[in-house]
Amino acid sequence: MIQKILVIAILVVALFYLGKQFYDRFFAKETKCDSCAVGQVKIKR
Amino acid sequence: MKIALLGNPNTGKSTVFNLLTGMRQHIGNFPGVTVEKKVGKINVDNEEYELIDFPGTYSIYPRSKDEEVVYRSLCNNQSVNYPDAIIVVVDASNLERNLLFFSQAYDLQLPIMMVLNMTDLAKKKHKEYNLDEIQKLFPEALIVEANARAGMGIDRIQSALLMFKGREGDTFQTEVIAMVDNIAQQEIETEARFKRIASILPSIEVIRLKKDSKSNKLDRILVHPVWGYAIFTFILFILFQFIFEFASIPMDLIDSSFSSLSDFLASSLPNGVFTDLITQGIVPGIGGVVIFIPQIALLFLFIAILEETGYLSRVVFIMDRLVRPFGLNGKSMVPLLSSVACAIPGIMSARTIPDWKERMITIMVAPLMSCSARIPVYTLLIALVIPNKLLLGFISLQGLVLFGLYSLGTFSALGMAVILKLLIKTKKKGFLMLEMPSYKLPSPRNVLIIVWEKVRIFVWDAGKIILAISIVLWVLATYGPGDRMSEAGEKAQIEYSEKGYSEVEVDQYVASVELENSYIGIMGKTIEPIIEPMGYDWKIGISLIASFAAREVFVGSMATIYAVQDDGEANRPLIEKMRSEKRSDGAPVYTLASGVSLMVFYVFAMQCMATLAVVKRETKSWKWPLIQMGYMGVLAYLGAWITFIILS
Chain A
1 MIQKILVIAI LVVALFYLGK QFYDRFFAKE TKCDSCAVGQ VKIKR
Chain B
1001 MKIALLGNPN TGKSTVFNLL TGMRQHIGNF PGVTVEKKVG KINVDNEEYE LIDFPGTYSI
1061 YPRSKDEEVV YRSLCNNQSV NYPDAIIVVV DASNLERNLL FFSQAYDLQL PIMMVLNMTD
1121 LAKKKHKEYN LDEIQKLFPE ALIVEANARA GMGIDRIQSA LLMFKGREGD TFQTEVIAMV
1181 DNIAQQEIET EARFKRIASI LPSIEVIRLK KDSKSNKLDR ILVHPVWGYA IFTFILFILF
1241 QFIFEFASIP MDLIDSSFSS LSDFLASSLP NGVFTDLITQ GIVPGIGGVV IFIPQIALLF
1301 LFIAILEETG YLSRVVFIMD RLVRPFGLNG KSMVPLLSSV ACAIPGIMSA RTIPDWKERM
1361 ITIMVAPLMS CSARIPVYTL LIALVIPNKL LLGFISLQGL VLFGLYSLGT FSALGMAVIL
1421 KLLIKTKKKG FLMLEMPSYK LPSPRNVLII VWEKVRIFVW DAGKIILAIS IVLWVLATYG
1481 PGDRMSEAGE KAQIEYSEKG YSEVEVDQYV ASVELENSYI GIMGKTIEPI IEPMGYDWKI
1541 GISLIASFAA REVFVGSMAT IYAVQDDGEA NRPLIEKMRS EKRSDGAPVY TLASGVSLMV
1601 FYVFAMQCMA TLAVVKRETK SWKWPLIQMG YMGVLAYLGA WITFIILS
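If you're matching them up, the sequences are chains A and B in order. All letters in the first sequence, in the order written, are residues 1 to 45 by my numbering. All letters in the second sequence, in the order written, are residues 1001 to 1648 by my numbering.
By construction, these hints were calculated from the structure, which means they are not laboratory data. Hints may contain errors.
[Unchecked claim] Pairwise CB distance ranges (calculated):
id: 1; chain 1: B; residue 1: LYS1214; chain 2: A; residue 2: LEU15; range: 54 to 60 Å
id: 2; chain 1: B; residue 1: ASN1077; chain 2: A; residue 2: LEU15; range: 44 to 50 Å
id: 3; chain 1: B; residue 1: LEU1391; chain 2: A; residue 2: ALA9; range: 51 to 57 Å
id: 4; chain 1: B; residue 1: GLU1487; chain 2: A; residue 2: ILE2; range: 54 to 60 Å
id: 5; chain 1: A; residue 1: LYS20; chain 2: B; residue 2: SER1159; range: 42 to 48 Å
id: 6; chain 1: B; residue 1: SER1159; chain 2: A; residue 2: LEU15; range: 29 to 35 Å
id: 7; chain 1: B; residue 1: ILE1645; chain 2: A; residue 2: TYR23; range: 37 to 43 Å
Computed from a predicted structure; not experimentally measured. Don't be surprised by glycine CBs; every beta carbon is placed ideally from N, CA and C.
Okay, chain A solo, but in the shape it has when bound:
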C-alpha cells in the first residue's frame, strides 16, 4: 500500500513538472526578459 502511494505521489510530481514546463515555455508571461530594455522602456523624443 505504501509503495503504491509513493508511486502515485511521484507520478503526480512528474506530471505537474512536465505540465509546468509546457506552460512556462509556451504560455506564461516572460518574467526573465533578455531584452527588457527594448521591450519595456519607451524612448522619450
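With chain A held as given, fit chain B onto it using these hints.
Frame of chain A; chain B shown alone:
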C-alpha cells in the same frame, strides 16, 4: 551602484565580468556571443556594486536587436538598466576601432572607466600606449591597464571602482536619440569620430604598429578558398572520430554501473511497485542521460578549444562565402554554428541579423543543424546497426556515419534556406562585418568552464524532463485498462508452458505480451500503421512520441520500455536488449535499414519543445513554430521512409 560593462565584441569583456563577479558565463571569440543580459555583484571595501554585462557592440548606434539593448539602456535614463557608471573594456591590440565606441560612451557624461585589456596581445603586435596621453584626451575617465585572460589588473579595476566620480554637463543623448532613425547623420558623425581618432592615435602610440605576422601567416592557410574548407572538414572529421573512439570506455563503464545498480536495488529493496518504479523506470531513465556525458563533454571540449583559439571566427568567414548562394547572410553562420551545440542559443543569436527576412530564414533552418541532444540518439543507433570496424585501417566506420549525419543536417539546412529564400523574398543584400581575433592559446580555465556548463545543463535541465517522462512511461507500461494485461499474461503463460518452453523464455514472452496490452502498448499499437512504412515497431513509436519534448528522451524511454519488458531478468545493457529484439516473424527489429531510417528521422524531425518555445518567443507568433514543426515533420517522415525503402 549599478555599473554597465560595455565594449566591442571580443575584447575580453566576459572574462573581466567573470573575474570581477565570480559568475560564470560563456566566453569566447564568437562575435555576438553575449546576447543575454548578465548581472553580477562585486564587493569592494564593503561597497556593493551591481555589474551588468551588456552585449558587445562596435558603435552606440544599433544595427541589430542585441545592440539596441545597449543603445536604449544608455540613452534613456528611464530605462531599468540605466547605469550609474560605466566600464568600457577596450582591446589594446586594436585601439583605433575600440576608441569609436569608447568616445561615444565618454560623451554620455556618466562616470566612466576604460579597461585597456589584452595588453599582452598588443605587445606581441608591437603596440604600446602612453596612458598619460590617453588620460589627456579623456580627462574625466579612469584608465586601467589589464590582461584579464591572465587574471592581471583585476585588483586595479576593483580599486578604481572606489574612485568613480560624478560628472556634470549635458549628455549627448537628446541629439543621439534624434539621430537614431537617421542613418545618414549617424554615418557623418561616426566618420568624424574616426577621423579624429586617426589624428590622435600617433600621439598615444609609443611604438608604431606592425602587422600581426603570425596570425596573418596562419590566416593565409586557414581562410584560403580551397585549403580553408579542406582543413575545416578535416577538423570536423577528426572530431567525430574522437567522439566515438575515446568516449566508448567511460560509456561502457557507466552503462554497466547502472545495470549493476538496478540489480542491487532490486535485490535489496522490498518487492513492490515502488521498487519496480526505481529499478525499471528511474534508474534506467537516469542512466540514459548520464551515459552520454563523455560524448557531450568531448564535443564541447573541441568546440571550446576551437572557439578559444580564434579559429571559429575564421570558420564563420570562410562559410560566409559558401552560404551566400543559399540566401543566407554571413551573420547567419553564427546562429547556425551555435546550433551544432544547441538550437536555442543559436536561434537567440539570430538577433544579430539586422534584416527581418534573413533572420527568419536563419531561425527556420537552424534546428536542422544537428545539435548535441541528437548525439545520444545517433550514437545509440550507430552502435546498434553500424559495424565497429576500421576503413583503410584507421577510419572508424561509426565515426564516419556520425560525420555523415551532421553533414546531412547541414546540407538540408542550406537546401531549406534556398526554398525559403524563394518563398520569402529579400530586397536588401546582407553583409558580414566580422572581427578576426588574433590566434591565441586556449585558456584551460575557460575551456573547462564551458565544458562543465554544457554538461551541467544537459544533465540537470534535460535530465529532469527525461526523468519525469521516464516515470510517466513506466506507469503507462506497467498498467493497462481493466484486467486486460493480466488476462493476456495468463493466456500467454498457459500457451507457452504447454509448448514446452523454458521458464525464462515463458517469463520473457509473458512480460512482452503484458507490455503490449499496457496503456503504452495500446498507444503504440494504434500508431504502428503510421510508422510501419519507415520500418519501426510500436515500441519505437512510443519513444518517438515521448521524445517530442526532447530528442534525447528517446534513449531514456527505450531504456524504460525494455526494462519493463525484461522484468525478472538480470539487467542487460540497453543495446543488447535492442539487438535481440525480434518481430513476430522472428526477424530482428533493428536492421541497417530501420536503424539508418531512424537516424535520418532524427536528423530532420523537430523533436524539441524548448526550441519551439524559443521560436515562438523570438518571432512573437505561433505561425512560424508551427510551420517549422510541419515542414521538419514532413521531411523526417519522407526522409526516413525513402531511406528504409532504399536500404531494405
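Outcome of the hint check:
Between B:LYS1214 and A:LEU15 the Cβ separation comes to about 58 Å, which falls inside the hinted range of 54 to 60 Å. Distance hint for B:ASN1077 and A:LEU15: a CB-CB separation of about 47 Å, consistent with the stated range 44 to 50 Å. Between B:LEU1391 and A:ALA9 the Cβ separation comes to about 53 Å, which falls inside the hinted range of 51 to 57 Å. Judged by the Cβ atoms, the range 54 to 60 Å given for B:GLU1487 and A:ILE2 is violated: they are separated by roughly 28 Å.
The given range of 42 to 48 Å is respected by A:LYS20 and B:SER1159, whose C-beta atoms sit roughly 46 Å from each other. A beta carbon spacing of about 54 Å between B:SER1159 and A:LEU15 contradicts the range 29 to 35 Å that was offered as a hint. For B:ILE1645 and A:TYR23, the hinted distance range of 37 to 43 Å is satisfied, since their beta carbons lie about 41 Å from each other.
Going through the hint list in order, the structure does not satisfy hints 4 and 6.
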